[in-house]
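K.L.:
Take a look at the letters that make up each chain.
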Amino acid sequence: MDRRSSDRTSPQSSRIGWGDAVFKVALTAFAAVIPLLFLALVGRLAVSAWPTIRAFGLRFLTTSTWDPVANVYGAAPMIFGTLLSSLLALVLAVPLALGVAIYLTEFAPGWLRRPVATLVELLAAIPSVVYGLWGIFVLIPLLRAYVIPPLQAVLGWTPLFSGTFFGNSMLAAGMILAIMILPYISAVSREVLAAVPPSQREAALALGATRWEAVWSAVLPYGRAGVLGAIVLGLGRALGETMAVVMVIGNRHDLSVSLVEPGITMAAVIANEFNEAAGLQRAALFEVGLVLFGVTLAVNALARLLVWRVARGSAVGSRAI
Amino acid sequence: MISGLTRRRLLSRIMTGVTVLCAILALAPLFAIFGDLVVRGASSLNWDFFVKNPAAAGDTGGGVANAIVGTLIIVGVGSALGLPVGIGAGVYLAEYGGGRFGVTVRFLADVLTGTPSVIVGVFVWMLVVRPMGHFSALAGGIALAILMVPMVTRTTEEMVRLVPHSLREAALALGFPRWRTTAQVMVRAAWPGIVTGALVAVARIAGETAPLLFTALGNLNFRTNVLQPMQTLSLQIYVFATGPFEEWHRLAWGAALVLMAIVLVFGLSARFVTRTRFRDG
Amino acid sequence: MAERRSRLRAEQLSALYGGTAAVKDVTLAFPPNTVTAIIGPSGCGKSTFLRCLNRLHELAPDATVRGHVFLDGRDVYAAEANAVAIRRRIGMVFQQPNPFPTMTIYQNVAAGLSMNGRLTRGETDQAVERALRGAALWDEVKDRLRASPLALSGGQQQRLCIARAIAPRPDVVLLDEPTSALDPLATQSIEELVQELKREFTVVIVTHNMQQAARVSDFTGFFYLGELVEHGETPRMFTAPREERTEAYVTGRFG
Numbered sequence: 016m017d018r019r020s021s022d023r024t025s026p027q028s029s030r031i032g033w034g035d036a037v038f039k040v041a042l043t044a045f046a047a048v049i050p051l052l053f054l055a056l057v058g059r060l061a062v063s064a065w066p067t068i069r070a071f072g073l074r075f076l077t078t079s080t081w082d083p084v085a086n087v088y089g090a091a092p093m094i095f096g097t098l099l100s101s102l103l104a105l106v107l108a109v110p111l112a113l114g115v116a117i118y119l120t121e122f123a124p125g126w127l128r129r130p131v132a133t134l135v136e137l138l139a140a141i142p143s144v145v146y147g148l149w150g151i152f153v154l155i156p157l158l159r160a161y162v163i164p165p166l167q168a169v170l171g172w173t174p175l176f177s178g179t180f181f182g183n184s185m186l187a188a189g190m191i192l193a194i195m196i197l198p199y200i201s202a203v204s205r206e207v208l209a210a211v212p213p214s215q216r217e218a219a220l221a222l223g224a225t226r227w228e229a230v231w232s233a234v235l236p237y238g239r240a241g242v243l244g245a246i247v248l249g250l251g252r253a254l255g256e257t258m259a260v261v262m263v264i265g266n267r268h269d270l271s272v273s274l275v276e277p278g279i280t281m282a283a284v285i286a287n288e289f290n291e292a293a294g295l296q297r298a299a300l301f302e303v304g305l306v307l308f309g310v311t312l313a314v315n316a317l318a319r320l321l322v323w324r325v326a327r328g329s330a331v332g333s334r335a336i
Numbered sequence: 029m030i031s032g033l034t035r036r037r038l039l040s041r042i043m044t045g046v047t048v049l050c051a052i053l054a055l056a057p058l059f060a061i062f063g064d065l066v067v068r069g070a071s072s073l074n075w076d077f078f079v080k081n082p083a084a085a086g087d088t089g090g091g092v093a094n095a096i097v098g099t100l101i102i103v104g105v106g107s108a109l110g111l112p113v114g115i116g117a118g119v120y121l122a123e124y125g126g127g128r129f130g131v132t133v134r135f136l137a138d139v140l141t142g143t144p145s146v147i148v149g150v151f152v153w154m155l156v157v158r159p160m161g162h163f164s165a166l167a168g169g170i171a172l173a174i175l176m177v178p179m180v181t182r183t184t185e186e187m188v189r190l191v192p193h194s195l196r197e198a199a200l201a202l203g204f205p206r207w208r209t210t211a212q213v214m215v216r217a218a219w220p221g222i223v224t225g226a227l228v229a230v231a232r233i234a235g236e237t238a239p240l241l242f243t244a245l246g247n248l249n250f251r252t253n254v255l256q257p258m259q260t261l262s263l264q265i266y267v268f269a270t271g272p273f274e275e276w277h278r279l280a281w282g283a284a285l286v287l288m289a290i291v292l293v294f295g296l297s298a299r300f301v302t303r304t305r306f307r308d309g
Numbered sequence: 004m005a006e007r008r009s010r011l012r013a014e015q016l017s018a019l020y021g022g023t024a025a026v027k028d029v030t031l032a033f034p035p036n037t038v039t040a041i042i043g044p045s046g047c048g049k050s051t052f053l054r055c056l057n058r059l060h061e062l063a064p065d066a067t068v069r070g071h072v073f074l075d076g077r078d079v080y081a082a083e084a085n086a087v088a089i090r091r092r093i094g095m096v097f098q099q100p101n102p103f104p105t106m107t108i109y110q111n112v113a114a115g116l117s118m119n120g121r122l123t124r125g126e127t128d129q130a131v132e133r134a135l136r137g138a139a140l141w142d143e144v145k146d147r148l149r150a151s152p153l154a155l156s157g158g159q160q161q162r163l164c165i166a167r168a169i170a171p172r173p174d175v176v177l178l179d180e181p182t183s184a185l186d187p188l189a190t191q192s193i194e195e196l197v198q199e200l201k202r203e204f205t206v207v208i209v210t211h212n213m214q215q216a217a218r219v220s221d222f223t224g225f226f227y228l229g230e231l232v233e234h235g236e237t238p239r240m241f242t243a244p245r246e247e248r249t250e251a252y253v254t255g256r257f258g
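Those protein sequence lines, which keep their order, are chains B, E and G.
Those letters in the first sequence? Residues 16 to 336, per the working numbering, in order.
Those letters in the second sequence? Residues 29 to 309, per the working numbering, in order.
Those letters in the third sequence? Residues 4 to 258, per the working numbering, in order.
Hint data in this document are derived by calculation from the structure and do not stem from the laboratory.
Please note that a few of the clues may not be correct.
Stated by the list, open to error - If you anchor each label on the Cβ, the simulated ranges turn out as follows:
| # | chain 1 | residue 1 | chain 2 | residue 2 | range |
| --- | --- | --- | --- | --- | --- |
| 1 | B | Ala313 | E | Val67 | 37 to 47 angstroms |
| 2 | G | Phe257 | E | Ile52 | 53 to 63 angstroms |
| 3 | E | Arg128 | B | Leu170 | 47 to 57 angstroms |
| 4 | E | Arg128 | B | Ala313 | 18 to 28 angstroms |
To be verified - Which chain B residues face chain G? A few, computed with CB under 8 angstroms, are given here:
| # | residue |
| --- | --- |
| 5 | Thr43 |
| 6 | Ala61 |
| 7 | Thr80 |
| 8 | Ala123 |
| 9 | Gly125 |
| 10 | Val211 |
| 11 | Ser214 |
| 12 | Glu217 |
| 13 | Leu220 |
| 14 | Ala221 |
| 15 | Gly223 |
| 16 | Ala233 |
| 17 | Tyr237 |
Unchecked claim - Output of the computed footprint for chain B on chain G, the stretches with three or more beta carbons under 8 angstroms from beta carbons of chain B:
| # | stretch |
| --- | --- |
| 18 | 33 to 39 |
| 19 | 77 to 85 |
| 20 | 166 to 175 |
The beta carbon of each residue, even a glycine, is placed where N, CA and C say it ideally should be.
Chain B with its partners taken away, still in its complex shape:
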């Protein structure tokens, strides 16, 4: 495929050809690390989880007992907790993130766009453990003082808000997660909306649409696949978050719908118990890790496909990760 400017069989040519081959082999080796890593990860997790897979089968996913003494393990509370906390995070983060993205692409004055966008991206730079720290000492006291009393006064009778608030709770975890995933959803949505051809917006305006109507009926529909991808990406991040969650959620092995009560997630239980675990418990934690890996894998693959469909394979959003 290479066309060299000369085709002489000088002593140089074979050495140069050899250089190309070595170079390509070296780079391929580096690239091969990635699929190897992936396979090793899946394989290792599966092998280490095998004892509990064999012992409990599918019941592992549906039962709630987590008893290291009796050596019986069921991951239902963690799976439920992961889904509930992530869902709560999405409910809180998606409207805000979309609002920010629309503001930045459509309404914000030119000089304000870069600074505000940078500030929102800064939220993604804060380490998870710092979010946890802030959650423990600032957010939870705030919730306890100003949010829970009125919330329970009005909605305390519903299953979502019944129970006693001790501080560490699903609600606190959901809120922290929402703040953490907001910058990712916002950044990718912004890239997607900015890529919508201006003539789409102009066509709507020329028909007599108000600025909001132009966004709602022309710009957003055009970018909806990418925006959906952004949301799924946010979900993927929320599913895997560990430190902030383990610091504020209470780590109680209980399947409870109530947001004001403590809970547990898959990532949190691994962080909490792995170092002290042995034998079957450790295998159980590996199986939890396998399930978590599988779920985040599926969700992230879906997100990638959605965003790729809009951006056609370019690394849109890769910097947002």
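Please arrange chains E and G on chain B, whose structure you already have, making use of the hints.
P.N.:
Relative to chain B, chains E and G alone:
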């Protein structure tokens, strides 16, 4: 008809306001957190904080010297392992990445960037800590490297792809062999962008905690031996924040402020590198 | 020039980007039910001028407009005037066909209808058919109104955009180089359509193709460096222009 138009325009104004409100609400936690870091963390920052190790449990004073050094060492090990692999893989994808293998690698890299870091932690525990028989900074570095590789791969690929084809053609026309064209011309041209991507990845892993829980573990003493457990700022914050002592809580804020500063330094230098090339970072 | 009362009239209109004037002090009347072509070399301000007529120019960053545009005697730039309402009465077709890709053909044509007032299903159907007939597209798409507009050829898409623009029954239709992205056959069909459109609408068409202007328009305005150099009935403009610059342009000596 007139009222319909007025209603629509009013709706447009209201929705514009709503999006402004969203921006304000989104940024409120940012200012709150940064504000708290400065206000609560500044009081811990004294000379002792930076040069002493943690005091015995319950005692006042002490510092996070071991954690600061540990963070730098473990991030250094991770970068030394992860950056070459990531950059190499990225260059591969940009130059040879059209076939099925390239597509697979690209897809897996994207998917792996979303892997929960705690999973990587237990993976490295099984792979390195267990055979070694004890925790170590090296294991921590390996875990961080595994996290870095997919990130750096994708940003490197993107940067190399952005280099204009005309540069490659000029080199080939001069008689450069393919490997030299890539290594000396394309990569050199993309280098500032590659460095930016690398710095961003380093900023990300500097703040990681979960994978280190089972690999580096942490250490109350000052250690520089990579084959021994080591403390990092992130681990220290976790221990202090979840501990029972008021003093620990105070130190946690200080450590968080320092960690945030380190992360920002890497992040800002990444932006700086891009800006000096007149690219919109 | 015919002494008909003009539906649309620009008066001392200037348009600026930042400090630079792209359109300088243009006064031009568009008689009802005629086609006026705006010609001139690239960068002479034709498109900018067109966009001032439906108040689209002011949305560009750093853009300002001075002067007046009178629609039926009322200044669209008056303080109490409403840009959104104005754009309902003045339709626009763009250079690149830009149908809304997530809507069906039917929904595209109806897009401007649903903005204001509620029409019954029957009324919408009627309006869509009428607009598509007016755009000479009805026979080609009547069996696939629920299809995606992306399945249409470039020329068909542009006629769809014309249908979309005329469906709300505006008073004026502005066309910004509508055929520059199309092949000769599609161009011809659009040109024939423009001649039909003037029966119901006042048409202003910007074109860089002089032959096109000569074929389709009743009046022609020649722009150069932001100024309206000359304006008059099309046959005279091309055979006996009064200004030297006009003559130089239409004889092909520049631009």
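K.L.:
Does each hint hold? Answer for all of them.
P.N.:
Against the structure, the hints come out as follows:
1. Evaluation of the 37 to 47 angstroms hint for Ala313/B and Val67/E yields a pass: the beta carbon distance comes to about 42 angstroms.
2. Taking the beta carbon of each, Phe257/G and Ile52/E are about 54 angstroms apart, inside 53 to 63 angstroms as hinted.
3. With their beta carbons about 54 angstroms apart, Arg128/E and Leu170/B fall inside the hinted range of 47 to 57 angstroms.
4. Between Arg128/E and Ala313/B the beta carbons are some 22 angstroms apart, a value that agrees with the proposed interval 18 to 28 angstroms.
5. Of the supplied interface hints, the one on Thr43/B is violated, with its beta-carbon coming no nearer than about 39 angstroms to a beta-carbon of chain G, more than 8 angstroms.
6. Annotation: interface hint on Ala61/B violated; nearest CB of chain G at approximately 42 angstroms, more than 8 angstroms.
7. Among the interface hints, the one on Thr80/B is violated; its C-beta lies about 49 angstroms from the nearest C-beta in chain G, farther than the 8 angstroms criterion.
8. Interface restraint check for Ala123/B: the shortest CB-CB distance to chain G comes to about 12 angstroms, outside 8 angstroms, so the restraint is violated.
9. Here the hint on Gly125/B is kept, as its CB sits about 6 angstroms from the closest CB of chain G, short of 8 angstroms.
10. With its C-beta approaching chain G no nearer than about 10 angstroms, Val211/B sits outside the 8 angstroms limit, and its interface hint is violated.
11. Taken as an interface hint, Ser214/B checks out: its beta carbon lies about 4 angstroms from the nearest beta carbon of chain G, inside 8 angstroms.
12. Using the Cβ-Cβ criterion of 8 angstroms, the hint placing Glu217/B at the interface with chain G is satisfied: the shortest such distance is roughly 7 angstroms.
13. With a cut of 8 angstroms, the hint placing Leu220/B at the interface with chain G holds, because the nearest CB-to-CB distance is about 7 angstroms.
14. The closest approach between the C-beta of Ala221/B and any C-beta of chain G is roughly 4 angstroms, which is under the 8 angstroms cut-off, so the hint is satisfied.
15. With 8 angstroms as the threshold, the beta carbon of Gly223/B comes within range of chain G, its nearest partner Cβ sitting at about 4 angstroms, so the hint holds.
16. Restraint check, Ala233/B versus chain G: the minimum CB separation of about 6 angstroms is within 8 angstroms; hint holds.
17. Proximity of Tyr237/B to chain G holds as hinted, the smallest CB-CB distance being about 6 angstroms (cut-off 8 angstroms).
18. With 0 residues bearing a CB less than 8 angstroms from a CB of chain B, the stretch 33 to 39 of chain G misses the requirement of three and the coverage assertion fails.
19. Figure legend: the stretch 77 to 85 of chain G, annotated as covered by chain B; annotation inconsistent (0 residues with Cβ-Cβ distances under 8 angstroms, at least 3 required).
20. Check result for the stretch 166 to 175 of chain G against chain B: holds, 3 residues qualifying (beta carbon to beta carbon below 8 angstroms, three or more required).
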